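Each chain, written out:
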Amino acid sequence: MTELAMQKRKEPMSLLEIRNLHVAVGGHEILKGIDLQVNAGEVHSIMGPNGSGKSTLAQVLSRREAYQVTAGAVSFHGKDLLAMKPEEAACEGVFMAFQYPVEIPGIGNTYFLRSALNAIRKYRGEEQMDAIDFLPMFREKLQLLEMDEKLMNRSLNEGFSGGEKKRNEILQMAVLEPKFAILDETDSGLDIDALRIVAKGVNAMRRPDRAMLVVTHYQRLLNYIVPDFVHVLVDGRIVRSGGAELALELEERGYGRIEGEARQTAPVSA
Amino acid sequence: MNTNVDTIRNLAERDYKWGFVTDIEDERVPQGLNEEIIRVISAKKREPEFMLDWRLKAYRHWESLEKAQAEPKWANIKYGPIDYQAIVYYSAPKQKPGLKSLDELDPEILRTYEKLGIPLAEQKMLAGVAVDAVFDSVSVATTFKEKLAELGVIFCSFSEAVQKHPELVKKYLGSVVPHTDNFFAALNAAVFTDGSFVYVPKGVRCPLELSTYFRINAAETGQFERTLIVADEGAYVSYLEGCTAPIRDENQLHAAVVELVALDNAQIKYSTVQNWYPGDKQGRGGIYNFVTKRGKCQGMNSKISWTQVETGSAITWKYPSCILQGDNSAGEFYSVALTNNYQQADTGTKMIHLGKNTTSTIVSKGISAGHGQNTYRGMVKILKGAAGARNYTQCDSLLIGDKCGAHTFPYIEVKNSTAHMEHEASTSKIGEDQLFYLQQRGLKMEDAVSMIVNGFCKQVFRELPMEFAVEAQKLLGVSLEGSVG
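Line order of the protein sequences matches chains A and B.
Mapping of the first sequence onto our numbering: position 133 corresponds to residue 133, and the numbering continues sequentially without gaps.
Mapping of the second sequence onto our numbering: position 33 corresponds to residue 33, and the numbering continues sequentially without gaps.
Please note that the accuracy of each hint is not assured.
What the hints assert, rightly or not - Derived DSS-like pairs (lysine-lysine); straight-line CA-CA distance at most 27 Å:
1) B/K170 <-> B/K44
2) A/K122 <-> B/K474
3) A/K165 <-> B/K44
4) A/K165 <-> B/K429
5) B/K171 <-> A/K85
6) B/K170 <-> A/K85
7) B/K474 <-> B/K171
8) B/K350 <-> B/K415
9) A/K150 <-> A/K79
10) B/K444 <-> A/K85
Read the hints as simulated data drawn from the structure, not as lab findings.
Here the structure is a predicted model, which means the values were calculated and not measured.
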C-alpha cells in the first residue's frame, strides 16, 4: 500500500486481505508474492501486460481449482478464502465477471439466474425467491443493462454476441449482488456503446458495502469506471500502486518503463 | 400443477391396496419353465383357450431358440448367463421377515426416495417394508374409469381385457410383436402375467393422460408384463409409464413387450420414465431390462411417438420402434439414456418405412458417467414402396469423467431413391469451464452437473408431459449423484 492509498481510506473496513500470495500453474510460478488490501466500498484496478498474472489472480480469488497456492493467505471478511470451494466463495459474496463467459445449451438464462440466486440465498439461510418475486427485480436489472428480455429466453449465452455476453455477466452480478466483484477484462471485445452500458451497470452497483477488482489491460475502461486505486502487476508482483491517475500514466508511458523502474527499486508492495 | 404426478402416485398406491394380489397371495409355481407351468399360469388367470394356445406356441418357439442358444448376443452389453430355470414365472411373493419400519432402512436409500418425491407408502413398498401385499407383476389401476367408459375408452389390466374384451385381444395381440420376433419376446408371450390394455374408439380423443406404474418387488422373480394399446381411426391417446424396483443384490429379469396399433389418422404418444434398480456402485445387482416395444402406424396419416427417459436398470436392451405402414404416417423417437457406475445401455429405435411419404424423427441423448457404457443403436429402413420417405436422426452423447464410454451404431437401409435421410451426431464432455462457471454462481458441483445434463436433454424433456418432465429432471440429478468429484 502506498501512503496515498492509506490516506484516501476513510473507513478502513477490510473486506479482502491478500498476504504474500504465491500461485503456480503446472509447477510454474505465476504469482510471486502479492499483498493487497481491499476495503468495502473501494474499487481497485489491476493493470499489467500480458502474462503478468492478472487473470491468475482473478481465477484464484474465485477459487478455480487448477491454480495451486504455494504460499500466502487470503482472508475474505475474516474467513479463509483459500479454503473455500468455488460455490462457497460465491455464496460468501465473491463474484467473477468472466473474460470468456461459457455457453451452456438447454439452460434458460432466467432459470439459471434464479437457481443461482436461490442457491446463494439457501446458503445464507434466506428464503427461496419464487418466479413472481424474481421477475420484477430481474426486469429492473435488465433495464439497467439495456438488455432485451427476449434474449433471456435463450439458452445461457448461446448465440450471444461478445458484447451481449459481457452485459450478461454484469446483469448476473446485478442480480446476485455480491460483496466483492472481480471484473476480468470485461472491456475486451466491447464496442464503445456496449462499454458505456457495461460501465453504467457497474457504477450503479458501487456501494459502501461492496468492493470491486477491475482487471484490465487498458486504461480505456477506467475512464468509465474510475477506480480508487490502481495497481500495476508485472511478472507476478505488484510493482506500483497509486490512484486513478496511475492508469493515465501507464497509458502514456507503457508498461515497459514502469517495469524497468520496478526492477531498479524494491517492489513497493513487498 | 402436480396432478399428473399425483395421478401416477395415486395409481401406484391403489395398486398396492387391491388388485389381483390377493388372488395369488398363497400361490406360487415352482421355479423354472415348462409346458406345465404355462398351463398353470393360464389356468390361474382363467384364460380362454386361444390364450393358452398362443402361450404354448410361444413357449415351444422359445424353447427351440434356447436350445439353439439363440439368445441375442449382438448387443454391446456384457452379462453372465441367465438361468431361465431359476426364475419364478408366476409367484406369490415369499413373506420374508423383512424390515419392520423405514427406520431400519439404509438412510441413503431413504434420501434417494425423498429426492424423487416418492410418497411414504410407496417408499415402504419399494423397500419391502411392512407389506401386506407384494406384487411382482402389477396390474393396472385406473382412475376416472367411469369418465373414460362414457367415451368408450377401455383402460384396464391385460388380465381383465382377456376376460372382458377377448375379441380385441385376439385381434391385436401379437400383431405388432409376434411371438417369433425375438428370444425375449417369445419368452414374454409364453409367460406374461399382466400389463395394461388400452382401446380408444373411433374419433375419440382421450381426455386424460393414461398412466401405469410398474414395479418389480419380490425377489427371484422375473417380471413379464405386456401392454397393448390400440387407437382406432382418428383417435388420440397419451400414455405414461413409470417403473421402479426395490434394491436387491441379485439381478432380476424384466422382459416386457409393448405393442401399439394406430389406425387411420390416429395418434399414440407413449412416454416412459424407467428407473429400475440399476445395481450398486460396484455393479452388483440391478434389473436386466430386455424389452421389446414396437408401434405400427397401420393407417394413413397415423402417428406414433415414443419418448423415453432411461436412468435405471443394470442393463437396458430396448428399441422402441415404429412400422410406418400407412401412407403419410409418422414415427418419432425421443430418448434420454443415462448410464452411471457400471450400468450398460444398448438402446435406440427402428423406423421401418413402408408407406409413401412416411416420416420419422429420432432424437437420442446418451449420457455416460462412472464406468457406464452407453450405446445408441438405430435402424432406419426405407423400403421400395416408401416413395418420398424422410428421416431425421440426431444422436448426441455426453461423457462425464474418463472411465465411461459412448458408442453409436446407426444402420441405414434405403431401397427407394426418392428418400431423404439426415443424420447428425455429436459427442461432448462436460467441460471444466462450464462447471466452474456454474459453481462460481453459487451452484454446488452436483447441481451444476445436473443442470448441464438437463440442458443437454431438454429437446427430449419437452416432449414429455410437463409434470413427467419435472420428475425426469429430478431423476437425472439423483442418478448422477457421485458421478463427479
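For this session: Take the C-alpha atoms of A/K150 and A/K79, compute the straight-line distance between them, and say whether it is at most 27 Å.
Result: violated (40 Å)
Problem set entry | Hint consistency between A/K122 and B/K474 [alpha-carbon to alpha-carbon, up to 27 Å] | holds (19 Å)
Problem set entry | Hint consistency between B/K171 and A/K85 [alpha-carbon to alpha-carbon, up to 27 Å] | Violated, at roughly 63 Å.
For this session: Quickly compare the C-alpha distance for B/K474 and B/K171 to 27 Å and report which way the hint goes.
Result: violated (40 Å)
Problem set entry | Distance restraint between B/K170 and A/K85, which requires alpha-carbon spacing of 27 Å or less | violated (63 Å)
For this session: With a cut-off of 27 Å on the C-alpha distance, tell me whether A/K165 and B/K44 pass.
Result: At roughly 67 Å apart (the allowed maximum being 27 Å), B/K44 and A/K165 break the hint.
For this session: For the pair supplied as a hint, B/K170 and B/K44, confirm whether the alpha-carbon distance does not exceed 27 Å.
Result: With Cα atoms ~19 Å apart, B/K170 and B/K44 stay inside 27 Å; holds.
Exercise. When you check the alpha-carbon spacing of A/K165 and B/K429, does it fall within 27 Å?
Worked result: Roughly 22 Å between the alpha carbons, so the hint for A/K165 and B/K429 holds.
Exercise. Taking 27 Å as the top limit, are the C-alpha atoms of B/K444 and A/K85 close enough?
Worked result: Status holds; Cα separation ~9 Å.
Exercise. For the pair supplied as a hint, B/K350 and B/K415, is the alpha-carbon distance within the 27 Å limit?
Worked result: holds (16 Å)
In this structure, the earlier hints numbered 3, 5, 6, 7 and 9 are contradicted, and the remaining ones agree with it.
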